[in-house]
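J.: One-letter residues, chain by chain:
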Amino acid sequence: NAGVTQTPKFQVLKTGQSMTLQCAQDMNHNSMYWYRQDPGMGLRLIYYSASEGTTDKGEVPNGYNVSRLNKREFSLRLESAAPSQTSVYFCASNGEFEAFFGQGTRLTVV
Amino acid sequence: AQSVAQPEDQVNVAEGNPLTVKCTYSVSGNPYLFWYVQYPNRGLQFLLKYITGDNLVKGSYGFEAEFNKSQTSFHLKKPSALVSDSALYFCAVRNDNQGGKLIFGQGTELSVKP
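Here the protein sequences line up with chains G and Y, keeping their order.
Take 1 as the starting number for the first sequence in this note's numbering and just add one per residue.
Take 1001 as the starting number for the second sequence in this note's numbering and just add one per residue.
Next comes chain G alone, as it looks inside the complex (with noise of 0.2 Å):
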């Protein structure tokens, strides 16, 4: 039982450049998020989705976008990096009540 798998686990990122980071759960859970995570600043909300075939703006949504590819899989894209979006990212999986979170892909942009 894996849980939640994200990758890649680490990336480096020229500015510009465009990447999509992978997320898969199988858990059955409907919900996924996509969230990052800043020093000092918590985990901050990028993308969520409800289930297959939704997906709603968090709280910093700007510069990315997601596609819910199935029930499994939930995907961040960055279109144009920037070195503000060098951060750990972290996907997660809701069953009823708690959340299930990957390892994380640490992301820097130069």
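Don't read these hints as lab results, they were simulated from the structure.
Values in this document were obtained by computation on a predicted structure and should not be read as measured data.
Treat each hint with caution, since some may be false.
To be verified - Straight line, CA to CA, 30 Å or less: simulated BS3-like cross-link-like pairs of lysine-lysine:
1) Y:K1069 - G:K57
2) Y:K1113 - Y:K1077
3) Y:K1049 - G:K9
With the hints as your guide, set chain Y onto chain G.
T.: This is chain Y only, laid out in the frame that chain G set:
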């Protein structure tokens, strides 16, 4: 809009002493409240939750939290701190009547010294 505040960036406690990590929230309706813990270079782990019922809820590793509706607080407590409790703690709130988004506070670094 829902929000969570953790007023202390850092809490320092001596091993064996009780600890409290504070959390207040703002949400309309009945919230679901959570505490998560993060160890260095790891994802978040669930500690405990309040959904309904008794205001005092017990969770993993001897932690408990008290829901206070009038003060809109959900403080995390432990009677006797361990050095291994040192970590980053997050309070979170979810309101399924407002789309079910899970919103986190900014986190509190707990340091337990021997």
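J.: The structure should be examined with respect to each hint, and the outcome stated for every one.
T.: These are the hints, each one checked on the structure:
Between K1069 of chain Y and K57 of chain G, the direct Cα distance comes to roughly 28 Å. Compliance with the 30 Å bound is thereby established for this hinted pair. A threshold of 30 Å between alpha carbons decides the hint, and for K1113 of chain Y with K1077 of chain Y the separation of about 17 Å falls inside it, so the pair holds. The suggested pairing of K1049 of chain Y with K9 of chain G holds, with an alpha-carbon distance near 29 Å, which does not exceed 30 Å.
Every hint from the earlier list agrees with this structure, and none is contradicted.
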